[in-house]
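Mind docking chains B and C on chain A? Use the hints.
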Amino acid sequence: MLRSHLRLALAVLKRRKVFTAISLFGIALTLLVLIVAGALLDNVFGAFPPEVHHDRTLLVFNVRMSGKDAQSTSPAGFGLLDLYARDLPGVERLAITSTMREAFSYQGGRKQRLYLKRTDAEFWRVLQFPFVEGAPFAEAEVDSGARVAVINRTMRRTFFGDGPALGRDLEVDGLTYRVMGVVEDVPMMRAVPFADVWVPHSSGRDQAYRSDLQGEFWGLLLARSAADFPGIQSEFRSRMQRIDLSAYPEFERLHATPETLLASTSRMIFDAHDDPESRPDRLLGVFGLLALLFLALPTINLVNLSISRILERASEIGVRKAFGAPATSLVGQFVLENVVLTLLGGVLSLLAAPLVLAAINQSGVLPYAQLALNLRTFALGLGLAVFFGVLSGAYPAWRLARLHPVVALKGAAR
Amino acid sequence: MIRLAGVEKVYRTDRIETVALSQIDLEVAAGDFVAVMGPSGCGKSTLLNLIGLLDAPTKGTVELAGKPVASYRDRDVSRLRNETIGFVFQTFHLIPDLRVLDNVELPLLYRKMSGAERRARATRALERVGLASRLQHFPSQLSGGQQQRVAIARAIAGEPRILLADEPTGNLDSQMGDEVMGLIEDLNQKDGVTVVMVTHDPRQAEKAHRTIRIFDGRQVAC
Amino acid sequence: MIFHLLRLVWHRKRQSALLLAELFASFLVLFAVVLGGVVAGDNWRRPLGFEWEDVWFVGVRASSGDRPDEGLAGRDLVALREAVREFPEVRSAAYVDPAPYQHSQWMDGGRIAGRRVMWRMARADDGLPAVLGLKLVAGRWFSREDDPAGTTPMVVSESFARHVFGTTDVVGRDATSEQEREDAAPPAKRRIVGVIADFRQDGELMGPEHYAFQRAEPASGEMRRLPRVLLVRVAPGSGVALEERLLRRLERERPGYTFQIEPLAQMRSSRNATGLIPLATGGVVGLFLMVMVALGLSGVLWQNVTQRTREIGLRRAHGAAAADVFRQVLAEVALLVTLAVAAGALLVVQIPLQDLVTGIRPGAFAASLALTVFGLYGLALASAAYPARLAASLEPAEALRYE
Numbered sequence: 001m002l003r004s005h006l007r008l009a010l011a012v013l014k015r016r017k018v019f020t021a022i023s024l025f026g027i028a029l030t031l032l033v034l035i036v037a038g039a040l041l042d043n044v045f046g047a048f049p050p051e052v053h054h055d056r057t058l059l060v061f062n063v064r065m066s067g068k069d070a071q072s073t074s075p076a077g078f079g080l081l082d083l084y085a086r087d088l089p090g091v092e093r094l095a096i097t098s099t100m101r102e103a104f105s106y107q108g109g110r111k112q113r114l115y116l117k118r119t120d121a122e123f124w125r126v127l128q129f130p131f132v133e134g135a136p137f138a139e140a141e142v143d144s145g146a147r148v149a150v151i152n153r154t155m156r157r158t159f160f161g162d163g164p165a166l167g168r169d170l171e172v173d174g175l176t177y178r179v180m181g182v183v184e185d186v187p188m189m190r191a192v193p194f195a196d197v198w199v200p201h202s203s204g205r206d207q208a209y210r211s212d213l214q215g216e217f218w219g220l221l222l223a224r225s226a227a228d229f230p231g232i233q234s235e236f237r238s239r240m241q242r243i244d245l246s247a248y249p250e251f252e253r254l255h256a257t258p259e260t261l262l263a264s265t266s267r268m269i270f271d272a273h274d275d276p277e278s279r280p281d282r283l284l285g286v287f288g289l290l291a292l293l294f295l296a297l298p299t300i301n302l303v304n305l306s307i308s309r310i311l312e313r314a315s316e317i318g319v320r321k322a323f324g325a326p327a328t329s330l331v332g333q334f335v336l337e338n339v340v341l342t343l344l345g346g347v348l349s350l351l352a353a354p355l356v357l358a359a360i361n362q363s364g365v366l367p368y369a370q371l372a373l374n375l376r377t378f379a380l381g382l383g384l385a386v387f388f389g390v391l392s393g394a395y396p397a398w399r400l401a402r403l404h405p406v407v408a409l410k411g412a413a414r
Numbered sequence: 001m002i003r004l005a006g007v008e009k010v011y012r013t014d015r016i017e018t019v020a021l022s023q024i025d026l027e028v029a030a031g032d033f034v035a036v037m038g039p040s041g042c043g044k045s046t047l048l049n050l051i052g053l054l055d056a057p058t059k060g061t062v063e064l065a066g067k068p069v070a071s072y073r074d075r076d077v078s079r080l081r082n083e084t085i086g087f088v089f090q091t092f093h094l095i096p097d098l099r100v101l102d103n104v105e106l107p108l109l110y111r112k113m114s115g116a117e118r119r120a121r122a123t124r125a126l127e128r129v130g131l132a133s134r135l136q137h138f139p140s141q142l143s144g145g146q147q148q149r150v151a152i153a154r155a156i157a158g159e160p161r162i163l164l165a166d167e168p169t170g171n172l173d174s175q176m177g178d179e180v181m182g183l184i185e186d187l188n189q190k191d192g193v194t195v196v197m198v199t200h201d202p203r204q205a206e207k208a209h210r211t212i213r214i215f216d217g218r219q220v221a222c
Numbered sequence: 001m002i003f004h005l006l007r008l009v010w011h012r013k014r015q016s017a018l019l020l021a022e023l024f025a026s027f028l029v030l031f032a033v034v035l036g037g038v039v040a041g042d043n044w045r046r047p048l049g050f051e052w053e054d055v056w057f058v059g060v061r062a063s064s065g066d067r068p069d070e071g072l073a074g075r076d077l078v079a080l081r082e083a084v085r086e087f088p089e090v091r092s093a094a095y096v097d098p099a100p101y102q103h104s105q106w107m108d109g110g111r112i113a114g115r116r117v118m119w120r121m122a123r124a125d126d127g128l129p130a131v132l133g134l135k136l137v138a139g140r141w142f143s144r145e146d147d148p149a150g151t152t153p154m155v156v157s158e159s160f161a162r163h164v165f166g167t168t169d170v171v172g173r174d175a176t177s178e179q180e181r182e183d184a185a186p187p188a189k190r191r192i193v194g195v196i197a198d199f200r201q202d203g204e205l206m207g208p209e210h211y212a213f214q215r216a217e218p219a220s221g222e223m224r225r226l227p228r229v230l231l232v233r234v235a236p237g238s239g240v241a242l243e244e245r246l247l248r249r250l251e252r253e254r255p256g257y258t259f260q261i262e263p264l265a266q267m268r269s270s271r272n273a274t275g276l277i278p279l280a281t282g283g284v285v286g287l288f289l290m291v292m293v294a295l296g297l298s299g300v301l302w303q304n305v306t307q308r309t310r311e312i313g314l315r316r317a318h319g320a321a322a323a324d325v326f327r328q329v330l331a332e333v334a335l336l337v338t339l340a341v342a343a344g345a346l347l348v349v350q351i352p353l354q355d356l357v358t359g360i361r362p363g364a365f366a367a368s369l370a371l372t373v374f375g376l377y378g379l380a381l382a383s384a385a386y387p388a389r390l391a392a393s394l395e396p397a398e399a400l401r402y403e
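Chains as they are written, first to last, in the numbering used here: chain A, 1 to 414; chain B, 1 to 222; chain C, 1 to 403.
Hint data in this document are derived by calculation from the structure and do not stem from the laboratory.
Owing to the predicted nature of the structure, the values given are computational and were not obtained by experimental measurement.
Cβ coordinates follow ideal geometry from the N, Cα and C atoms, glycine included.
Be aware that one or more of the hints could be misleading.
[Said to hold, decoys possible] The list that follows gives simulated cross-link-like pairs (lysine-lysine, BS3-like), each with its CA atoms no further than 27 Å apart:
| id | chain 1 | residue 1 | chain 2 | residue 2 |
| --- | --- | --- | --- | --- |
| 1 | A | K410 | B | K190 |
| 2 | C | K13 | A | K410 |
| 3 | A | K17 | A | K410 |
| 4 | B | K67 | B | K112 |
| 5 | B | K190 | B | K59 |
| 6 | A | K68 | C | K189 |
[Claimed, not checked] These stretches of chain A come out as covered by chain B in the derived footprint (C-beta under 8 Å, 3 or more residues):
| id | stretch |
| --- | --- |
| 7 | 5–11 |
| 8 | 322–333 |
| 9 | 399–409 |
[What the hints assert, rightly or not] Incomplete in silico selection of chain B near chain A, CB under 7 Å:
| id | residue |
| --- | --- |
| 10 | L54 |
| 11 | D55 |
| 12 | R75 |
| 13 | S78 |
| 14 | N82 |
| 15 | F87 |
| 16 | H93 |
| 17 | L109 |
| 18 | Y110 |
Next up, chain A with everything else stripped away, as it sits in the complex (with noise of 0.2 Å):
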């Protein structure tokens, strides 16, 4: 039956080509969009090396003090994540590491714009940077404050050519730099580990950041293994509410809770940072609600079209009625028809989307940018498709299937 029907449903696509290439340049434009979409979104959120243990990885990103008529919420502090956050059951590893910062660099009488982080020796563990030259700083280089720097392949381009940059000197905001390595561009939309040029968080001028509460950086904990999550949590949480906020009289409590990089976007977006509980399912609603949203029309488009294209052959729903189909296969077969239609649609989408992605990441918009579909983009462009096939096929396959017998086969249907 269902061979039977798919074939009926490629011959009538392919005896109304102007239907079907009208109905399929919106919906392949349709899904592009979305597709795109999921690029982009999977290139935030995603796992992509250099964060190779992205799915057992804590963030914690924001901190907020509040009290009675007092509120604060910045990246959290050195000092918060050094002091207290430090051997907890069931993490590996903690890596620490400054929110990026714009700085200059005046290197040979030209001005050079670039973003900085400053980071402890496990971040580089934490994060496996594949290095084209030279090696991470480790912790000797950070005990010490040395002023050495690992940069991205396009600053060693910028400022030493093509050749070698280890050992070279590299001036940013003021302070010289001896380059120790030397690492593959990261994307910048990848918050965590994007910089341009990383630099030991203690090579600075100023080291009063040790004790901060609050201030620019961000604690990535590496747990054994999301099973763990929970119980990391919990005891995170329970040391926040130990520490002594008797320094800060206008404040009473503190929140920060470490958690993966969706929910604290969610967190962030929401504002909602004294929430104890985790809820990266909002953010997704809100991103399933734009693209709902952004189908309405398209959906509406599509039902007008199959119907038109449907109602051509109320005689066929008077003969299949007549021989016994009963409504819900009738139903089945035109959403069927359509998913088939979408699939197609689909696949063209599909076959476009590599262009518009290189074309995004050839204007430069999103700096380092290498969108590009994997798998999950490809599944989700295939399930996307379905799922609009379903939801735009659904209520002109009802409303044809309930044709009065009769009244189809008189071909009268309105």
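Chains B and C only, in chain A's frame:
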């Protein structure tokens, strides 16, 4: 095989009621061949639709194969139609996008049956109407008579006990019409299929065992 | 004729309802895109209230780690400003926070003179008008005479003055917020010393907002929060070499500090590029949706026409000319568009009526609405043209024989 008792059919719209059929009592025995005649718009087709369970009567009962049609729920009537009734229409109503064989398989699609079995049965039905060589053609590649023979093959593929034909020769020239009539008679005589046929043509009606005349929604003579 | 058409549309109400839904949704999408574009264009051509050419941004941070405005000392800021002013290429230098095109905003609000008002604000020293070319409309800018006062002097934008006081003649007026809660600390006293032309900190894409400057002159003694941006007006044509010399000089002057120099022109183009990304994305997506709708509509109408061949044949048989049939198909579509536009317009006028979105001028709104209505009629009639021609070209006899 078919029994209609006190059947009435009224079409209602917002303002007007149209009585299409009233006071129809009809009994068709198994193996019978009945022709239904009458002027355009007298309710012949409505009668056929009621027998074929394509429509529900406003009043009265319809009995098929000794059992009254109790419910007109879609799933129940669909099944009953599928198993007991075959239809032949004036305008053939073949699906233009399907090959001949697929068209004939149609009633079997809604039964639990393997694809091979379906194919075998449909092929047999097409052999029966003499079109075994046209399995892979599309309806548009056939003449009108051939198309109607395909339609008959489709009607009998499911081996129904009742064949309902609505002016099966109405769109055919007389020679093709005779061919088609021959097939229907053959089915009635050799296979014992009960046939109810609506027709305009007295010549075709003669081939039936008996004729019912409908005038203004009423049965006028048996 | 119109009733005849209405009746036709009514009898095909299920199909009409779906087409109506499609046109309605298209109206909303088109309106959103057009409104975005019109508002951006409207904002773009209005005066900024300042001059960004040859002005450089110098970010000042006391340490590299802490909250950025902590650890600044007033005398350090004065010394840094003096150091910069010594350069012959430097025309003027002044502190302000936040600076134009900076991704930072300071909102204030309250009830002043009985009127609730929200405004954007910045702290500035006494020399800012020379650097940014601010235009004073009334009164004066901050100066030493404000030193001893216990009240904070304030320079407000014209729109602020008009909104609160109904006039720009507000120099010397008290602008202290009314105390709204019993237990709250008494609000700081503020007095207006001057009025400037409307000032748009975020640049060309910023909508109309009230603006005010508060005095924060590092030389005038202690204050709660010091500004941390030094704006420098340089000689035209100054380049990276001067930037680097300025930077080295500043680092020598206060070695514990970190500085960032960037021309406002650069910040402006990156800020505007960022602001245009959503507009461009929305425009591209909106355009593709409209093309899709046009094609879809065309397909549906085409199908509709073939399905109604008999009706059309009948009309032709009764003496309708080909042109009448053509007009009828178009008129039916126009009728649907009218219904969709009426519903859509009813919905979107709630935006200004209910004051749902601020920063949209009535003129821009009206223009967007008109453009959208015009656009939707154009779109629908253009997509109906081919099916209508098809219908008109049917031969009456053939049309009647159809099926």
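Results for each hint:
no.: 1; hint: K410/A x K190/B; result: violated (32 Å)
no.: 2; hint: K13/C x K410/A; result: holds (20 Å)
no.: 3; hint: K17/A x K410/A; result: holds (25 Å)
no.: 4; hint: K67/B x K112/B; result: holds (23 Å)
no.: 5; hint: K190/B x K59/B; result: violated (36 Å)
no.: 6; hint: K68/A x K189/C; result: holds (25 Å)
no.: 7; hint: 5–11; result: holds (count 3)
no.: 8; hint: 322–333; result: holds (count 8)
no.: 9; hint: 399–409; result: holds (count 4)
no.: 10; hint: L54; result: holds (4 Å)
no.: 11; hint: D55; result: holds (6 Å)
no.: 12; hint: R75; result: holds (5 Å)
no.: 13; hint: S78; result: holds (4 Å)
no.: 14; hint: N82; result: holds (2 Å)
no.: 15; hint: F87; result: holds (5 Å)
no.: 16; hint: H93; result: holds (5 Å)
no.: 17; hint: L109; result: holds (5 Å)
no.: 18; hint: Y110; result: holds (5 Å)
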